[in-house]
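Below, each chain spelled out in residue letters.
Number of protein chains: 2
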Amino acid sequence: MIDTATALQLVLSHGTSKGKTMEVTLNDALGFVLYDDVISPMDMPPFRQSAMDGYAVNANGADWYRLVGEVQAGAAHQPKLATGEAVRIFTGAAVPDSATAVIMQEKVAVNGQQLRLEIPWAPEMNIRPQGEQIKKDAVAMSNGTLIQGAHIGFLAGLGITKVKVRQKPSIAIVVTGNELVSPGTPLPYGKIYESNGAMLQATLNELGYKNTSIVRIADDYEDTKRVLQETISTVDVVVITGGVSVGDYDFVGKALLAIGVEQIFHKVKQKPGKPLFFGRKEGTSIFGLPGNPGAALNCFYIYVYPLLRNFQGAEAVELPSVQVPLLSDYTVNGDRAQFLKAKMHGAGVEILDGQSSAMVRAFGYANALVFLPEDSTKINKGELVKTILLPHQ
Amino acid sequence: MIDTATALQLVLSHGTSKGKTMEVTLNDALGFVLYDDVISPMDMPPFRQSAMDGYAVNANGADWYRLVGEVQAGAAHQPKLATGEAVRIFTGAAVPDSATAVIMQEKVAVNGQQLRLEIPWAPEMNIRPQGEQIKKDAVAMSNGTLIQGAHIGFLAGLGITKVKVRQKPSIAIVVTGNELVSPGTPLPYGKIYESNGAMLQATLNELGYKNTSIVRIADDYEDTKRVLQETISTVDVVVITGGVSVGDYDFVGKALLAIGVEQIFHKVKQKPGKPLFFGRKEGTSIFGLPGNPGAALNCFYIYVYPLLRNFQGAEAVELPSVQVPLLSDYTVNGDRAQFLKAKMHGAGVEILDGQSSAMVRAFGYANALVFLPEDSTKINKGELVKTILLPHQ
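Those sequence lines, one after another, are chains A and B. All residue numbers for the first sequence refer to full-length UniProt numbering, where the first residue is 1 and numbers rise by one. All residue numbers for the second sequence refer to full-length UniProt numbering, where the first residue is 1 and numbers rise by one.
What the hints contain is simulated information worked out from the structure, not anything from laboratory work. Be careful, since some hints might not be right.
One copy or any two copies: either way a pair holds, since identical chains are not told apart in the list.
Below, a list of computed lysine to aspartate or glutamate pairs in the EDC-like style, where the Cα atoms sit at most 20 angstroms apart [claimed, not checked]:
| hint | residue 1 | residue 2 |
| --- | --- | --- |
| 1 | K281 | D28 |
| 2 | K162 | E206 |
| 3 | K135 | E23 |
| 4 | K254 | E282 |
| 5 | K343 | E318 |
| 6 | K210 | D28 |
| 7 | K254 | D375 |
| 8 | K267 | D37 |
| 9 | K168 | E206 |
Work the whole structure out from these sequences, hints included.
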């Protein structure tokens, strides 16, 4: 059985399909990954810019200046200041080339056309240099950036209206199991309500993946083969839940091999999610997640998420992680690596109750997963643990 | 000047408007906040459930059992096992009432109809008790829960198809400043490209707020009054950027007071975002954010975000925060409380370069804000600092 690091490395080294490149308007770029560096078409700020409401002076070493005009933010004129002259100026306004400093308005006394500085001036004081944030022709944003609100703000500020990105993957969620019935219908003895499809689709939606569908397969071998074959040929990524353990009625694994899916791995030394399957066929990546919702969602974040980001061409494909102090002692059960639903709050991270694979409830309270490597034993309160940040709104 | 905690408390205590309640289908519930507790209509699991592929036995203390049938996942029949009898059973299947344990298949030897246990059995071994995850009539999900993918999975598993939520706020983003021109047009000397509108709209969109509009106001007092009046009367939350500092051409503050907005506060002892304004009129909350994009986005996350979540009726309104070790020494500039764009990775949190109010670029690399209280001086590498988790996909 392979370990978690090997499994992720295999997912990324085999799941190398990438989305086609396309151009989108900046306003539609949210959640896409940049293809090619964006080169700044301009200096930002585009001129020496006042960082304050105050007075721009052409300093002469004296305390007194003659006020000769003003420059509002957005004004296009550029007064020429002789030595000893000053203009009223506002935050964001272009500082005249002839000005040597901006003095904030709270630090001057104004008397008609006379201005007296109450503090010493220094060269370029309260002036943002042209190109301080970025210079023309510098890389404004790198290939592989996952575009979020701040990026849109930054690029808009450079006058950019379109960006080149990669298409997002199309994703089919395949739900298997004769025990499943749809919510909204009566529940016969022995059955449970199907929930993985809705859960994964909503989770994908939250991550900006809208091109998703849910495919339902009964536990029938011929039907499973036919539907899987068809699904694999039409989408970029197939995420199957259930049918991947070793039970006599788990047709999925057998069907995948029978239709020519190359098995990259099956089973990972981890808890939850041991039966995880990953395979490839003709450029399509196929995950077999456990049917237990808690295990399925865990495998989604740890293995499917990186593959989706990789498809988009993202530089960072895994969820971010950081060392955080553990809030209480924790004793590990078993020798597999563990992903534990957890909540970061206050002084550290709390491992939540309800870690069973079958339970998804704790995920509703979680904002993180604590990762404990294989053969961990007891972790003490206050020890730093690897904490994987779950996406959150 | 008030401090950050007082400012947030004032936002929440005055900004008490809440969205109307409505019913949505579970599939459309993502990003809404639950109104009223959801009571579980059933036990989950709904029956004693096998946690393994194996054999359900009615144990007699002996090692040998007689195999009398099987129960697949989803099967509705319930064989009656006499003492010493066993049935083949699969993960997720209903365990017959007469069975006392499930033995995993790897731990038995099967010979025709004879089954030999290779490990001792224990009562209820490998059986998930009925109602283990939740019992009928218990609170499945509390009023105030922000609904994410895992919640949808959990509720679907209980057969729930609709939930009661609060409407999300309608939000107008008001952009002010004569220095602003639209991206895609030429940039005259003294002007900059307008970026706050697109940035805030994308950020709201990412958070699930789709009912947003951008309103553009020139720096003209009468026009400012008229447009603000009209905007305030039509939406739940108004987020203005620019025009709230003290410059002679910053009409916004004056206009807000002139049209009867009650000023709750103006200016907070923080960096960035000192000029922040908050007011109320007829149930509408009005924020005046600084025009500098870095400061605007910061104030959005710290003050606007909690108000929006409060409007939705969320129990947790602030972004989550946690103590994380600082990756390098940091020396504080000034006596105001600081929100520093930061990136959690590896062993701790890194305070990023480019903290100036005017700069939004560092936000593109950030996944957190480090909060340093007023009068902080030097923080050493390894010290734990309050780290606010930014939303991320």
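A quick look at each hint next to the structure:
no.: 1; hint: K281 / D28; in the structure: neither (31 angstroms within a copy, 33 angstroms between copies)
no.: 2; hint: K162 / E206; in the structure: between (24 angstroms within a copy, 19 angstroms between copies)
no.: 3; hint: K135 / E23; in the structure: neither (24 angstroms within a copy, 51 angstroms between copies)
no.: 4; hint: K254 / E282; in the structure: within (18 angstroms within a copy, 64 angstroms between copies)
no.: 5; hint: K343 / E318; in the structure: both (19 angstroms within a copy, 15 angstroms between copies)
no.: 6; hint: K210 / D28; in the structure: both (13 angstroms within a copy, 13 angstroms between copies)
no.: 7; hint: K254 / D375; in the structure: neither (32 angstroms within a copy, 65 angstroms between copies)
no.: 8; hint: K267 / D37; in the structure: neither (38 angstroms within a copy, 39 angstroms between copies)
no.: 9; hint: K168 / E206; in the structure: both (14 angstroms within a copy, 16 angstroms between copies)
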